[in-house]
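These protein sequence lines are chains A and B, in that order. Heads up, the first sequence is in this note's numbering, so the first residue is 1 and it goes up one at a time. Heads up, the second sequence is in this note's numbering, so the first residue is 1 and it goes up one at a time.
Everything labelled a hint here was simulated from the structure, so no lab data went into it. Don't take every hint at face value.
Think about it this way: if two alpha-carbon atoms lie no more than 30 Å apart in a straight line, the pair counts; the simulated DSS-like pairs of lysine-lysine are [as the list claims (entries may be wrong)]:
id : chain 1 : residue 1 : chain 2 : residue 2
1  : B       : 215       : B       : 205
2  : A       : 42        : B       : 215
3  : B       : 136       : A       : 36
4  : B       : 215       : A       : 46
5  : A       : 42        : B       : 205
6  : A       : 47        : B       : 215
7  : B       : 65        : B       : 215
8  : B       : 205       : A       : 32
9  : B       : 205       : B       : 65
10 : B       : 136       : A       : 32
11 : A       : 36        : B       : 215
12 : A       : 46        : A       : 36
13 : A       : 46        : B       : 65
14 : B       : 205       : A       : 47
15 : B       : 136       : B       : 215
16 : A       : 47        : B       : 136
17 : A       : 36        : B       : 205
18 : A       : 46        : B       : 205
19 : A       : 32        : A       : 42
Cβ pair distances, simulated, as ranges [claimed, not checked]:
id : chain 1 : residue 1 : chain 2 : residue 2 : range
20 : B       : 160       : A       : 6         : 32 to 38 Å
21 : A       : 18        : B       : 213       : 34 to 40 Å
22 : A       : 35        : B       : 100       : 29 to 35 Å
23 : B       : 206       : A       : 48        : 22 to 28 Å
24 : A       : 6         : B       : 152       : 31 to 37 Å
25 : B       : 142       : A       : 10        : 38 to 44 Å
Quick caveat: nothing in here was measured; it's all calculated off a predicted structure. Here a beta-carbon is modelled for each residue, glycine too, at the ideal position from N, C-alpha and C.
Next come the chains, spelled out residue by residue.
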Amino acid sequence: MNSNNLGYLFAAYSIIWLVVLGYVFTLIRREKALRKEIAALKEGMKKA
Amino acid sequence: MRPRILLVLSTLLILAALFMVFVYVPTDAEQGNIQRIFYFHVSVAWIAFLAFFVTFVAGIAYLAKRNPFWDMVASASAEIGLVFTTLILITGSIWARPMWGVWWTWDARLTSSLVLWLIYLSYFIVRSYITDEERKARFAAVVGIIGFVDVPIVALAIQFSRTQHPSALIFEGGLAGSMLVTLLVSIAAFTALYLLFLAVRVHLKEDESELNSLKEAMRE
Numbered sequence: 001m002n003s004n005n006l007g008y009l010f011a012a013y014s015i016i017w018l019v020v021l022g023y024v025f026t027l028i029r030r031e032k033a034l035r036k037e038i039a040a041l042k043e044g045m046k047k048a
Numbered sequence: 001m002r003p004r005i006l007l008v009l010s011t012l013l014i015l016a017a018l019f020m021v022f023v024y025v026p027t028d029a030e031q032g033n034i035q036r037i038f039y040f041h042v043s044v045a046w047i048a049f050l051a052f053f054v055t056f057v058a059g060i061a062y063l064a065k066r067n068p069f070w071d072m073v074a075s076a077s078a079e080i081g082l083v084f085t086t087l088i089l090i091t092g093s094i095w096a097r098p099m100w101g102v103w104w105t106w107d108a109r110l111t112s113s114l115v116l117w118l119i120y121l122s123y124f125i126v127r128s129y130i131t132d133e134e135r136k137a138r139f140a141a142v143v144g145i146i147g148f149v150d151v152p153i154v155a156l157a158i159q160f161s162r163t164q165h166p167s168a169l170i171f172e173g174g175l176a177g178s179m180l181v182t183l184l185v186s187i188a189a190f191t192a193l194y195l196l197f198l199a200v201r202v203h204l205k206e207d208e209s210e211l212n213s214l215k216e217a218m219r220e
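The whole structure should be built from the sequences, with the hints applied where relevant.
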């Protein structure tokens, strides 16, 4: 077995987890931004 | 299933799958360690196909009932499918380099997979160009339904054309018992992860819808 192939294996699994974690991170960021905006709007409606 | 349960389940299954891929399953005699990419590559492909199937079914449900919930499910699933199709292309390419000596070749399986990625990219381009919510959902549902035609083409490409891509060993009984179990655990792990992502993404879309309603109420 070519030992260089371990580098390809490492790259494949690293990319899978980087993409999955990146997607999780964007979901969390979107959720936080939305909740903040909804809370601000609700507050604005109460005051109005 | 509740997102919290799905989070625990997917975490446990992913840890088990990683253990099986790197410790439990023996090294392939022909390909060596690079074959270990196969377990997650196939699982990721399964999730992409499942995600586009859900988009297809939810698209039909939307056109039949005109309930915005089905559009939320369809677009959430298409987004996850697009992420996982990106991973099919990347992991396949990384496997191909040491095995075939090239990162990419224009054979039937690879080309139809790239077309699948482009179809679902166009699904989001369609959505981004239309502002009217009802029209956006209707057009996207049509793209999601027609786009799904490419999924069986990708799946069957290795049966009906000359391709360098390995054949579907899982259906031909060519996988050793330990390899099959590892693959099934990996598929279960990614299925749980898909269901978690879908639940969270649909919930997020419901929040976006609530926000738009609040904004309209403010304007009135």
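Of the numbered hints stated earlier in the document, which are not met by this structure?
13, 16 and 22
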